[in-house]
Amino acid sequence: MERMLMKGNEAIAEAALRAGVQAYFGYPITPQSELPEYMARELPGRGGVFLQAESEVAAINMVYGAGGAGARVMTSTSSPGVSLMQEGLSYLVGAEVPCVIVNMVRGGPGLGNIAPAQSDYFQATRSAGHGDGRLIVLAPSTIQEAADLTILAFDLAERYRNPVMILGDGILGQMMEPVSFPPPVQRQRDLSWATTGAGEGPRRLINSIYLDPDELEQHNLHLLEKYRRAQQEEVRWEAYRMEDARLAVAAYGLAARVARSAVDRARAQGIAAGLLRPVTLFPFPVAAFRQAAEQVRAFLVVEMSAGQMVEDVRLAVEGRAPVRFYGRLGGVVPTPPEVVQQIEQLAAEVAP
Amino acid sequence: MKQVTARPKVLLDVPMHYCPGCTHGVAHRLVAEAIDELGIRGRTIGVASVGCSVFMYNYFDLDFQQAAHGRAPAVATGIKRVLPDRIVFTYQGDGDLAAIGTAEIVHAANRGENITVIFINNAVYGMTGGQMAPTTLLGMRTTTTPFGRDARQAGYPIRVVELLNTLRGPAYLARVALAGPGNIHRAKKAIRRAFQTQVEGKGFSLVEVLSTCPVTWGLPPVEAVRWLEEHMLPEFPLGEFRTPEPREAVLMPLGGGKEG
Chain F
1 MERMLMKGNE
11 AIAEAALRAG
21 VQAYFGYPIT
31 PQSELPEYMA
41 RELPGRGGVF
51 LQAESEVAAI
61 NMVYGAGGAG
71 ARVMTSTSSP
81 GVSLMQEGLS
91 YLVGAEVPCV
101 IVNMVRGGPG
111 LGNIAPAQSD
121 YFQATRSAGH
131 GDGRLIVLAP
141 STIQEAADLT
151 ILAFDLAERY
161 RNPVMILGDG
171 ILGQMMEPVS
181 FPPPVQRQRD
191 LSWATTGAGE
201 GPRRLINSIY
211 LDPDELEQHN
221 LHLLEKYRRA
231 QQEEVRWEAY
241 RMEDARLAVA
251 AYGLAARVAR
261 SAVDRARAQG
271 IAAGLLRPVT
281 LFPFPVAAFR
291 QAAEQVRAFL
301 VVEMSAGQMV
311 EDVRLAVEGR
321 APVRFYGRLG
331 GVVPTPPEVV
341 QQIEQLAAEV
351 AP
Chain L
1001 MKQVTARPKV
1011 LLDVPMHYCP
1021 GCTHGVAHRL
1031 VAEAIDELGI
1041 RGRTIGVASV
1051 GCSVFMYNYF
1061 DLDFQQAAHG
1071 RAPAVATGIK
1081 RVLPDRIVFT
1091 YQGDGDLAAI
1101 GTAEIVHAAN
1111 RGENITVIFI
1121 NNAVYGMTGG
1131 QMAPTTLLGM
1141 RTTTTPFGRD
1151 ARQAGYPIRV
1161 VELLNTLRGP
1171 AYLARVALAG
1181 PGNIHRAKKA
1191 IRRAFQTQVE
1201 GKGFSLVEVL
1211 STCPVTWGLP
1221 PVEAVRWLEE
1231 HMLPEFPLGE
1241 FRTPEPREAV
1251 LMPLGGGKEG
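Those protein sequence lines, which keep their order, are chains F and L.
Going by the working numbering, the first sequence opens with residue 1, and the numbers climb by one from there.
Going by the working numbering, the second sequence opens with residue 1001, and the numbers climb by one from there.
With the rest of the complex left out, here is chain F (with noise of 0.2 Å):
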């Protein structure tokens, strides 16, 4: 399989075009702007649509109603750009129109800056918008995987007819690696439901809409099925050196690189360390971190945030062991040095 040395954000765009992406729209933001340019470039030529919109909100709103028409459509932005789409992704989840949203987080809040930052692991989370309504969240950690869950979130997005959040952060985005990519795959689409206009059958709704609250309670609760199917199908996350760890670092993205060579290190000096990498934000690996806590004396959650996915951790843990923090914020990135001294602290704090 052919190799290729690309940025981030490019290896990002060259999936979403391989995974047959027909329209993508967006507003440039800084440290993501290497993916619209790329589309700009390579997307007409291959037959897709490529609009810079007016705004976030102008962008979202643009891929809710490509997405309802029946098109695999994506767009990416940055922190603040989220904030502006909230609104339109409450819509696409409320009205099940698929679609991916690269997220390559910066620091904040508000303006904050452009440096790597996690701390946008609440808002990708929790509620995407207003009301009861989830992203399904991927947490790439290389360049390599960040094109591979690409590829992924497409189909995942129309499986479940939900957005799905490509998470990565400014390195993630800007910096090079090798990369290679599958060879397309032909893929049997059901567009059913989409509001085509093809004047045959019923006429089609994409909505969001239910007065009546019984129904839309019945909604929200077949969206709580979705991803409650979701939880037992869809969950992914890597173990390293978890065998016979006794201490577990729980780290995603660009923090789980600093954490497996503190993991590394740790080792070397004789501590039994593991690191156990969530590579679905939503859903949770609630059962890996649940078993992990029958194994290892305490976790340690390393995250670049105030500490966002320690919340995550200690639901699942339910108590079982304790789950300490440590985290950089502004856009720091944590070093291995670093977090071997908290791994050793913690080691120290619950030897037997």
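Treat the hints as calculated values from the structure; they're not laboratory data.
Each hint can be trusted.
Derived CB-CB ranges, DEER-like:
#1 Asn1165(L) - Val185(F): 48 to 54 Å
#2 Ser180(F) - Thr1144(L): 58 to 64 Å
#3 Leu315(F) - Tyr1156(L): 52 to 58 Å
#4 Trp193(F) - Val1004(L): 36 to 42 Å
#5 Thr1144(L) - Trp193(F): 37 to 43 Å
#6 Pro1244(L) - Val332(F): 53 to 59 Å
#7 Gln186(F) - Arg1168(L): 38 to 44 Å
#8 Pro1181(L) - Asp155(F): 53 to 59 Å
#9 Pro1237(L) - Leu216(F): 41 to 47 Å
#10 Val350(F) - Thr1128(L): 56 to 62 Å
#11 Arg187(F) - Val1222(L): 57 to 63 Å
#12 Arg1168(L) - Leu315(F): 51 to 57 Å
#13 Glu1200(L) - Glu200(F): 22 to 28 Å
Chain F is faced by these chain L residues, among others (derived, beta-carbon under 10 Å):
#14 Gly1046
#15 Tyr1057
#16 Leu1062
#17 Gln1066
#18 Ala1074
#19 Gly1078
#20 Lys1080
#21 Val1082
#22 Pro1084
#23 Ile1087
#24 Val1088
Glycine included, C-beta positions come from ideal geometry on N, C-alpha and C.
Since the structure of chain F is provided, determine the placement of chain L on it from the hints.
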């Protein structure tokens, strides 16, 4: 006996939810007649907006997408770009189009997006209970301008067609009024021409339809029509402001507001 009129095929035979005297029913019929006459029923997709007309998809035998407040032009853009051979239209009120959705309408128009916009201007927020709209007239009382709209506090009524007419993107821009048979006839011609513009691939078309809201205006339907003629027409002049050929702006009045 010769039948001279009938229910448009695309308009379903179901009761509408609009208040007595509301002109949404008339506007719906004019849209339906245009779709029937142009023979585009089998390839038209509607975008319903927030406000009283959110349920318009219950009355049209067409595929519909419902859009968030003000975002219908963006939603229509998304649909039209991936299905360019379909006819895509939005139907938006003044709060939706001229307040929260100002950016979306300006940029869709400026791109010359090949969609049709039916813009219902009744100078007030109807569904939310009669608050000030961007098109509320100076001195007009609403629930949020209880002493009458004061320009120093709330600015001026926005003339949407004139605003969009400063852009190079639009192909067809017109303002009509649902007041009296003559005006309604001209409104029908303008709406049909707007759809025709899209069918011919000439670009963005918008028809502003001056309408009544008897309930929030606190007027009986007939008096509401008279109020429209007396107060809205001086503020919002009727006519075709832009036609596809020539591309330059030309003011071609469709006719006066008052019917004898």
